[in-house]
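A.B. asks: Turn these sequences into a full structure, and let the hints steer you where they fit.
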Amino acid sequence: MSKKGIIALDADGVLLDYGLAYAGAWQKAFGQLPRERDPLAYWPIDRWDVERLADERLDILRRCFDEEFWCGIPPVPGAVEACHLLSTAGFELVCVTALPEEFRSARERNLRAHGFPIDMVHATDNIAPGGHSPKAETLHRLRPVAFVDDYLPYLIGIDSSIHRALIMRAATGSPNVGEALCFADSQHADLLAFAKSWTCP
Numbered sequence: 003m004s005k006k007g008i009i010a011l012d013a014d015g016v017l018l019d020y021g022l023a024y025a026g027a028w029q030k031a032f033g034q035l036p037r038e039r040d041p042l043a044y045w046p047i048d049r050w051d052v053e054r055l056a057d058e059r060l061d062i063l064r065r066c067f068d069e070e071f072w073c074g075i076p077p078v079p080g081a082v083e084a085c086h087l088l089s090t091a092g093f094e095l096v097c098v099t100a101l102p103e104e105f106r107s108a109r110e111r112n113l114r115a116h117g118f119p120i121d122m123v124h125a126t127d128n129i130a131p132g133g134h135s136p137k138a139e140t141l142h143r144l145r146p147v148a149f150v151d152d153y154l155p156y157l158i159g160i161d162s163s164i165h166r167a168l169i170m171r172a173a174t175g176s177p178n179v180g181e182a183l184c185f186a187d188s189q190h191a192d193l194l195a196f197a198k199s200w201t202c203p
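When we follow this note's numbering, the leftmost residue of the sequence shown carries the number 3, and every step to the right adds one.
Just so you know, these hints were derived from the structure itself, not from any lab.
Just so you know, even glycine gets a beta-carbon here, dropped at the ideal spot from N, CA and C.
Certain hints may be false.
[Claimed, not checked] Estimated spans, in silico, between C-beta atoms of each pair:
id, residue 1, residue 2, range
1, Q29, A182, 28 to 38 Å
2, S163, D57, 44 to 54 Å
3, Q189, G133, 42 to 52 Å
4, R39, V179, 16 to 26 Å
5, S163, N128, 19 to 29 Å
6, A115, S162, 31 to 41 Å
7, R54, G133, 21 to 31 Å
[Stated by the list, open to error] Subject to a maximum C-alpha distance of 20 Å in a straight line, what follows is the list of computed SDA-like cross-link-like pairs (lysine to any residue):
id, residue 1, residue 2
8, K6, L87
9, K5, P119
10, K5, G92
11, K30, D61
12, K5, H165
13, K30, Y20
14, K6, G92
15, K198, G15
16, K6, T174
17, K30, E53
18, K30, W50
19, K198, V147
20, K6, R145
21, K198, R171
C.D. replies: In structure tokens form, the structure reads like this:
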């Protein structure tokens, strides 16, 4: 462990722009890149001018979220710089992501390809047991000094000894509202803003 401790980082929405990659998956499935409807929408289905799918067409789209997809997600602007700031300041960075284990190595390759100074990816379930974060057990084991996520429900049930930082991106339809904001120890526009607040004197 580094002298300053571990900082655990979520991937989608913090390190990587899953919403942008979603449009590519749609194009692969149906042959047309969708028009961006609301760049400030939290959920990809609201960000892009796409139909809500069911049955066979939904299965076609889901099949496009394969290893190639998880290897090719672009970084959030400023996220690579943010990680290098934190790493240079002496923090060890790990990724804790709600992702099927079968795609964990693809996520590692994706982060490495973009130059993120992150060597370890921990994959967890995406279902919150008993209303608590599915990442809580992994974080309890890692004992980071801070955990950064862009999804407020994933901060619930995290040990209060861990600084819980919430990325407040994409306001339209965001789940990051209401009384549960009390579970966030700090709020930031993006990971770069968090990194600067933790590294600048």
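A.B. asks: Against this structure, judge whether each hint is valid.
C.D. replies: Hint check:
1. The supplied range of 28 to 38 Å is met by Q29 and A182, whose beta-carbon atoms lie about 35 Å from each other.
2. The hinted range of 44 to 54 Å is satisfied by S163 and D57, whose Cβ atoms lie roughly 46 Å apart.
3. Judged by the Cβ atoms, the range 42 to 52 Å given for Q189 and G133 is violated: they are separated by roughly 21 Å.
4. The hint said 16 to 26 Å for the Cβ distance between R39 and V179, and at roughly 21 Å that hint holds.
5. Look at S163 against N128: about 24 Å separates their beta carbons, and that is inside 19 to 29 Å.
6. Remark: the range hint 31 to 41 Å for A115 to S162 is upheld by a beta-carbon distance near 35 Å.
7. At about 27 Å, the beta-carbon gap between R54 and G133 stays in the expected band of 21 to 31 Å.
8. A hinted pair counts as satisfied when its Cα atoms are at most 20 Å apart, and K6 with L87 qualifies at roughly 13 Å.
9. Distance hint between K5 and P119 is fulfilled; the C-alpha atoms sit about 16 Å from each other, no more than 20 Å.
10. Using a Cα cut-off of 20 Å, the hinted pair K5 and G92 holds, with the two alpha carbons roughly 6 Å apart.
11. A threshold of 20 Å between alpha carbons decides the hint, and for K30 with D61 the separation of about 13 Å falls inside it, so the pair holds.
12. Distance check on the hinted pair: K5 and H165 sit about 17 Å apart at the alpha-carbon level, within 20 Å; holds.
13. Only pairs whose Cα atoms come within 20 Å are accepted, and K30 paired with Y20 is accepted, the gap being roughly 15 Å.
14. Proposed proximity of K6 and G92 is supported: the alpha carbons are some 6 Å apart, at most 20 Å.
15. Restraint check for K198 and G15: satisfied, since their Cα atoms lie roughly 18 Å apart, inside the 20 Å limit.
16. Among the hinted pairs, K6 with T174 is inconsistent with the structure: their alpha-carbon atoms are about 36 Å apart, more than 20 Å.
17. Our distance criterion of 20 Å between C-alpha atoms is met by K30 and E53, whose separation comes to about 15 Å.
18. Restraint check for K30 and W50: the C-alpha separation of about 15 Å stays at or below 20 Å, so the hint holds.
19. This hinted pair checks out: K198 and V147 have alpha carbons roughly 16 Å apart, not beyond 20 Å.
20. For the hint linking K6 to R145, the alpha-carbon distance of about 12 Å falls within 20 Å, and the restraint holds.
21. Restraint check for K198 and R171: satisfied, since their Cα atoms lie roughly 17 Å apart, inside the 20 Å limit.
Checked against the numbered hints given earlier, this structure breaks hints 3 and 16; the rest are met.
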